[in-house]
Every structure is written in structure tokens, then in C-alpha cells.
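**Student:** If you're matching them up, the sequences are chains A and B in order.
Throughout the first sequence, residue numbering follows our numbering, covering 2 to 239 in sequence.
Throughout the second sequence, residue numbering follows our numbering, covering 7 to 214 in sequence.
Be aware that one or more of the hints could be misleading.
As the list claims (entries may be wrong) - Reference listing, derived: stretches of chain A covered by chain B, where coverage requires no fewer than 3 residues with Cβ under 8 Å from a Cβ of chain B:
(1) 15-23
(2) 90-100
(3) 105-119
(4) 201-213
To be clear, the hints were calculated from the coordinates, so they are not data collected in a lab.
Cβ atoms here follow ideal geometry from the backbone N, Cα and C, with glycine treated the same way.
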Amino acid sequence: MVPGFAATATTGAAASALEAARLALLRDLRLAFRKRGQLVQPLAFFVLVTMLFPLAVSPELSRLRELAPGVLWVAALLASQLALEFLFRDDAYDGTLEQYALSGQPLTGLMFAKTTAHWLLTGLPLALVAPLAGLSLGVPAAAIPGIIISVAVGSVALSLIGSIGAALTLGMKRSGALLALLTLPLSLPVLIFGARATQLAINGASLLAPLELLGALAVLGVTLAPLAAAAAVRISLE
Amino acid sequence: MLDQTLEVENLHLWRGERHVLRGVRFTLQGGDCLEVTGANGSGKTSLLRTLCGLIYPEEGRVVWNGENVRRDLPAFHAALAYLGHEPPLKSDLSARENLRYWIGVRRRISAAELDAALLRVGAGSWCDRLVRTLSAGQRRRVALAGLALLIVPLWLLDEPSTNLDSEGQELVGTLLAEQLARGGMVIAAVHQGLPAAVRAARRLELAA
Numbered sequence: 002m003v004p005g006f007a008a009t010a011t012t013g014a015a016a017s018a019l020e021a022a023r024l025a026l027l028r029d030l031r032l033a034f035r036k037r038g039q040l041v042q043p044l045a046f047f048v049l050v051t052m053l054f055p056l057a058v059s060p061e062l063s064r065l066r067e068l069a070p071g072v073l074w075v076a077a078l079l080a081s082q083l084a085l086e087f088l089f090r091d092d093a094y095d096g097t098l099e100q101y102a103l104s105g106q107p108l109t110g111l112m113f114a115k116t117t118a119h120w121l122l123t124g125l126p127l128a129l130v131a132p133l134a135g136l137s138l139g140v141p142a143a144a145i146p147g148i149i150i151s152v153a154v155g156s157v158a159l160s161l162i163g164s165i166g167a168a169l170t171l172g173m174k175r176s177g178a179l180l181a182l183l184t185l186p187l188s189l190p191v192l193i194f195g196a197r198a199t200q201l202a203i204n205g206a207s208l209l210a211p212l213e214l215l216g217a218l219a220v221l222g223v224t225l226a227p228l229a230a231a232a233a234v235r236i237s238l239e
Numbered sequence: 007m008l009d010q011t012l013e014v015e016n017l018h019l020w021r022g023e024r025h026v027l028r029g030v031r032f033t034l035q036g037g038d039c040l041e042v043t044g045a046n047g048s049g050k051t052s053l054l055r056t057l058c059g060l061i062y063p064e065e066g067r068v069v070w071n072g073e074n075v076r077r078d079l080p081a082f083h084a085a086l087a088y089l090g091h092e093p094p095l096k097s098d099l100s101a102r103e104n105l106r107y108w109i110g111v112r113r114r115i116s117a118a119e120l121d122a123a124l125l126r127v128g129a130g131s132w133c134d135r136l137v138r139t140l141s142a143g144q145r146r147r148v149a150l151a152g153l154a155l156l157i158v159p160l161w162l163l164d165e166p167s168t169n170l171d172s173e174g175q176e177l178v179g180t181l182l183a184e185q186l187a188r189g190g191m192v193i194a195a196v197h198q199g200l201p202a203a204v205r206a207a208r209r210l211e212l213a214a
């Protein structure tokens, strides 16, 4: 034992909400890199689905390009769903969410930090591998930057919408199907505007309008989703 | 911390058809320790979770320093530490990492404080091992280090000595005695009584 322990444990200012959110984010990132299998699954799913499509439909380039926006975005939407189930589940089981709720810090900020980690680990990598998926669907190289940007912005909205569903289904066994039923309808605007942005990028037209709408959805998500997720988490802890 | 008071007024809690808490009431002041006993299912854990605001009771209220805690839950939460059945640790992080993130969310801690706390609970030689490789008793010791680092006036503990050997139970007694000596309060749900260092505890027995 260290005799001076009691003396050392007498100081320590409260952590700011920002510092608390930063630590919650870092903890999730560190844990994710220790469990790389979970990290790779959504990406592998996304790439596999988009690569299998040409084999099942037709190798004809014009036909593939026509289907590419829909295939890319449906695959991205389903891939982001795969990781959603894990967003809060482990934290609920091991008591972390309970400690977050009792930390005296705004739970909304901690939920936002967790969702940010989810996007960094799922949405951003999806955007980065989207060129690979796009090329396998015959998308011209000039459209790749537009696709990366639209998937990056759209996946922010998907992560935020997903966080509400993940929080609402906490505590339910086999919540995967219910989670999909809750979040997929809410994700339809992201799917529509994302596919439109990709279509315009493939055609070489300006994709500013659908991109702005995706951005608006992301901002709306940033504003409302952490609040809703925090409220749902509190209910699940009862 | 001596001027803190906790008043629990006529708490009634229903879980489904079960009337779990039936008019629980008590008052604690700085330096007081309350030992909550009762058979399995008598509502010890529910009482602790109700006190810390995780569960809403059907009737009654918890008053902290003269204010209903529901009026400012975050402020009340900042004043309490709750340790449940299972230590809130991530199995894929080391003991040291767990404490840094868990406690760091609440207060700034230095590396020296962290080291001192880990040494205090006997974790000096294994604090960098992943928690999933630790025994249940070692995990409990890590949780106790976290508890000691929180420095808050109210401790709510659910079976704090579970899985601990005799030295570990002695450590729990010392930590509780220190908390009480600095004017803090402890409410502990226990099956086998509190360690000898806190024998002066008041007792609340819950009926099953």
C-alpha cells in the first residue's frame, strides 16, 4: 500500500464536457482497434456486395453505370446497419452507459462522441473504399471525388439516425431486425439524395444541390439525434 | 463535506406487479454509513438505483442538501459514485486504461494519482494487463481504485466486497473508513455485513 494515497486523492478539478466527450471518443476508438474483426465486417460487406453485382446483373458498362448509384447507396446503408448493433450494446452490458449517465456530464455530449467514433470507424472508411466499389461498377474516374464526398456526408446522417435506433433497442434481445425496421425508413432521404448525388457525379453534372440536402440532413442529425439517443439510453437504464 | 445531508422520504417503487420499496425513509449526514440488508430480491439494488436517479420511484423523493435531486440531477450525479454488482470495466482495455477513461470523464487525474490508486489496491504488477485476463477479485480491486479516485461525498455501493479475498475485504473497510472520516457518506447493500472498520454503520433491512 502507498501511505500517501489519501493525500493524493484530495485534488482534481471536474472534467469539462468537452474533455469528457474527447475521452469517450478515444476510448471507443481504442477499443475498436483492439477488435479489428468488427471494424472490417461492414467494409468487407460493402465491397463484396458492390463487386458481386456486376457478376449477377451484366458486365455491360452502360447498364452497370445506370445501376451504380442505387447499388452503392443501398450497400452503404446496409453496411452501416451492420455496425449499429454494437454502438451501445457492449456499453450497456458492462455498466459503462450507467457510469456515463451518472457522471454529471451531459449525456447528450457523450452520445455525440460515441456516434462520432462510430462514423469515424464505419462511415469514413466506407467513403474511402467507395472508389473501389465505384470502379467495379464501371463508374468513371472523374466521378470518384464526388462519390467520396457524398458517401462521407451521407454516412454522417446515417450514423446519427442509427444512433437513435440503437439506443431505442437497447436491452432487447436479438434487436437487429427491429433496429433495421426503425432506422431504414428514416434513412430513405439519405438514400435518395445520396444516390442522386452519385448519379450527377457519374454524369459529370454539378452535385451541389443533393450534397447540400445531405449536409442539411447531417446538421439536423447532429442537432437532434444525440438528444434522442440520450433520452432513449436513460429510459433503457431504468 | 461534513455539512452534506441526504434525506430519503417515503420511497415507493413498483417493478411490474411487485411492490419493491414500501415507504423507505432515512436521513444521512456527512460521516454516516448505512448498511442495506435483505434477502435476494428484497430490492437492495433497486433502492441504490432509485437513490442515484437511474430509476424513477412511483412515490417519494430523494433530497440532497435540501433540494429534490430531480431538480438538478447532473449536479447530484457529480456528487455521487455508484458501484454496481459488476465493475464498469472494458475487457479489452488494461486496468490502467479503464481507470483513465472511466474516471477521466468525471475529473482530471494525473498519472501519479492513477499509479498511486492502482498500487493502493495491489494492482501495481498487473495494471497493464487486459481486464479480460484478470480474475473477478482483481477486477473488483480495479473498481475500488476508481471509487477512491472519484472523491465525491456520497458512495452508493452494491456488494462492495464480492469476490475479494480477506486482504481485499480489509481494503474495502479502509476505503470506507477514510470516506467517512473525511465527512463523506456511504450506503452499501451487503449480504454478509460490512468490514470491521465500519462497524458503526446504521442498518436498513428490506423485506422480500
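**Student:** Would you mind marking each hint as holding or not holding in the structure?
**Tutor:** We went through each hint and held it up to the structure:
Only residues whose C-beta sits within less than 8 Å of a C-beta in chain B count toward coverage, and the stretch 15-23 of chain A has 4 of them, enough to reach three; the restraint holds. Given as covered by chain B, the stretch 90-100 of chain A passes the check, having 6 residues with a CB less than 8 Å from a CB of that chain where 3 are the minimum. Counting residues of the stretch 105-119 of chain A whose beta-carbon sits less than 8 Å from any beta-carbon of chain B gives 4, enough to reach three: the coverage restraint holds. Here's how the stretch 201-213 of chain A fares: 0 of its residues keep a CB closer than 8 Å to some CB of chain B, so the rule of at least three is not met and the hint is violated.
Of the numbered hints listed earlier, the single one contradicted by the structure is hint 4.
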